[in-house]
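Read off the chains here:
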Amino acid sequence: MKRDARRAVILFLLPACGLYAVLFLYPVISSLALSLYDWDGFTHKRQYVGLDNFTRLLTNDPMFWTALKHNLFLLTVPTVIILVVALFFAAALSSGVRGARLFRITYFFPNVISMVAITLLWFFIYNPTFGLLNGLLRPVTGGKVTIVWLDPNHIMGSLVAPIVWCSLGFYLVLFLAGMENIPHTYYDAAKVDGANAWQQFRSITMPLLWDVITIGVVFLIIGGLRIFDLIYVMALGYPNEQSQVIATYLYEQAFNNAHMGYGIAIAVVLFVLVFAATAIAMRVMRREQLEY
Amino acid sequence: MSPAADEQSAASPASRARNRSPARRRRTARRRRTARVFGLGALYVILLGYAAVVILPMIWLLYTSLKSNREIFAGAWDLPHALHWENFVYAWVRAGIGRYFLNSVFVTVVSVALILIVSAMAAYALTRFTFRGNRLIFYAFLVGLMIPTQLALVPLFFLINSLRLLDTYTGLILVYVAFSLPFTIFVLAAFFRTLPHELAEAALIDGCTHSQAFWRVMLPLAKPGLVTAAIFNFLGIWNEYLFALVFISSEKLRTLPLGLANLLIVSHYESDWGALFAGLVMVMIPTLLAYSLLQGQLTKGITVGALKG
Chain A
1 MKRDARRAVI LFLLPACGLY AVLFLYPVIS SLALSLYDWD GFTHKRQYVG LDNFTRLLTN
61 DPMFWTALKH NLFLLTVPTV IILVVALFFA AALSSGVRGA RLFRITYFFP NVISMVAITL
121 LWFFIYNPTF GLLNGLLRPV TGGKVTIVWL DPNHIMGSLV APIVWCSLGF YLVLFLAGME
181 NIPHTYYDAA KVDGANAWQQ FRSITMPLLW DVITIGVVFL IIGGLRIFDL IYVMALGYPN
241 EQSQVIATYL YEQAFNNAHM GYGIAIAVVL FVLVFAATAI AMRVMRREQL EY
Chain B
1 MSPAADEQSA ASPASRARNR SPARRRRTAR RRRTARVFGL GALYVILLGY AAVVILPMIW
61 LLYTSLKSNR EIFAGAWDLP HALHWENFVY AWVRAGIGRY FLNSVFVTVV SVALILIVSA
121 MAAYALTRFT FRGNRLIFYA FLVGLMIPTQ LALVPLFFLI NSLRLLDTYT GLILVYVAFS
181 LPFTIFVLAA FFRTLPHELA EAALIDGCTH SQAFWRVMLP LAKPGLVTAA IFNFLGIWNE
241 YLFALVFISS EKLRTLPLGL ANLLIVSHYE SDWGALFAGL VMVMIPTLLA YSLLQGQLTK
301 GITVGALKG
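These protein sequence lines are chains A and B, in that order.
In terms of the working numbering, the first sequence is residues 1 to 292.
In terms of the working numbering, the second sequence is residues 1 to 309.
Hints should not be assumed to be uniformly reliable.
[To be verified] So the derived list for chain A, only partly shown, Cβ under 8 Å to chain B, looks like this:
{"id": "1", "residue": "Pro27"}
{"id": "2", "residue": "Met63"}
{"id": "3", "residue": "Ala92"}
{"id": "4", "residue": "Pro110"}
{"id": "5", "residue": "Leu132"}
[Stated by the list, open to error] A few chain B positions that, by computed beta-carbon distances, are all more than 10 Å from chain A:
{"id": "6", "residue": "Arg26"}
{"id": "7", "residue": "Leu79"}
{"id": "8", "residue": "Gly98"}
{"id": "9", "residue": "Ala222"}
{"id": "10", "residue": "Ala290"}
Bear in mind the hints are in silico, worked out from the structure with no lab data behind them.
A virtual CB, placed ideally from N, CA and C, is assigned to each residue, including glycine.
Can you make the complete structure from the sequences, with help from the hints?
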């Protein structure tokens, strides 16, 4: 390579590599190291404790398991609902119904709103006295039923609706794009053979869309594991054992309780979970490559 | 399936139809048409129903934001008797939404501009030139796409602290830029690969330096890719909460998500709900406007990014 070209490469790469190395790679790598220490973050006293943080987390911390259970709930129930509904809507909108574009634009809109605003909106919707939902329920049930949607017994179930509401549009758009790539002749041939809409969906759309669905499942799983804003804001900054998830528990341990080493250990476990869940999902959903 | 069975199943509907009487055939055809019209009707009911699920909360939000606190508690669905615009004044001025809004505009615009410049330079160098370590650097950025940001959070807090950048926009913006690099470089590198290298060569022959060839020739050509990257980064940073929560502590530096969340926590105890509804409306309106202008590019960007990635 010529000298001026080499100088240009260095000049062009330096800002990105410098920022990335210092503010991304360095903290990530030091996380892996610091998870082995007991450290309050504010004194320089750091005590090496080996894998103690992890053993305590996994064997002696009921809150961690509660949080993990909530994450598993939030990455399965909304995922199943979103997949089924988004696939149904995508199939419906790609079948040439009128106003398909308008429906798509409407459904996608919640995806661009900030999660904090969505949480606030659903906080209002769920409010027991002036909320939209109880406002609907009261006349229907003759004023007898008032559900406290965010009370300890209902909160996990109540979190499903905002998650579906705010992310459905993304998966709809994803699946719609995947369906547009399927050649129309396949459906024409199936119609000639007398296949109904469900048979066409099951035998043509599903297999040819499988890779796109896999991408969707991976996104949903990662999102369900990393969820923070919705839980944190819905609990007004202090989630308890009713709604704690891994990311909020990490925040609480590190920044409220000054257990930095322990918080980092939770972050490392979260990272491992994200990796493992992604790998498992890809493995389970893998099948032979279809060419078309 | 054996060939015989296959033939039979393929032929059976047709042969069955041939055996029926004309009147019966007409009846089945009519029934099928009714079923289809009915099915289509049901489909529209479902589609419109979900559209209502998306739109109704926003309409409800909009008119509730014009109610007085007493009216809000009187009936969830009742329309306001008089329009209480003072909710908006209160939210914008006293509750600080106006300031948070301008803060967010500043942080987002500066961050996105920096992200685009830094990422475009790196993506160009990585796709245009072959050198040792090229692949390694590209993959190092790609790995960043798979790492949850929480993993870096705690050490990053102490790093920013020791750089004396805690509770400053410089610190927050630098973090935003660093964490947006993997995605943006990935998108822009894919875009630069589609551009013909001969154009840069021609610029060099005409006497441009490498920098000039990049800034004057290649960067303008990459505009569609830059627009896509800008929209996604804009949305991501405009809506970002966790980093702002960790790195910003003073009231006057709060970004919109931070200010809004704080308003909820305060309102929850002071219970001035009208102002909170109004604040939320003011947060959503710019998003709605931007969305109606850019939704085409947005959905196109998603499908390109996700299906190729």
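Taking the minimum C-beta separation from B:Ala290 to chain A, is that value above 10 Å?
violated (8 Å)
A cut-off of 10 Å on Cβ-Cβ distance, and B:Ala222 was said to be off the interface with chain A. Does that hold?
holds (14 Å)
Could you check if A:Met63 really has its C-beta closer than 8 Å to a C-beta on chain B?
Violated - the Cβ of A:Met63 stays beyond 8 Å from chain B, reaching only about 17 Å at its closest.
Going by Cβ atoms, does B:Arg26 stay more than 10 Å from chain A at every point?
Fine: 19 Å to the nearest Cβ keeps B:Arg26 off the interface.
Using the nearest Cβ pair, does A:Leu132 come within less than 8 Å of chain B?
holds (5 Å)
Any CB of chain B closer than 8 Å to the CB of A:Pro110?
holds (6 Å)
Is the interface hint for A:Pro27 satisfied, with its Cβ closer than 8 Å to some Cβ of chain B?
holds (4 Å)
If we take the beta carbon of B:Leu79, is the closest beta carbon in chain A still more than 10 Å away?
Check passes; 12 Å lies beyond 10 Å.
Against chain B, run the beta carbon of A:Ala92 and see if the smallest gap drops under 8 Å.
holds (6 Å)
Say whether it holds or is violated: B:Gly98 keeps its Cβ farther than 10 Å from all Cβ of chain A.
holds (16 Å)
Taken one by one, the earlier hints fail for this structure at numbers 2 and 10, listed in ascending order.
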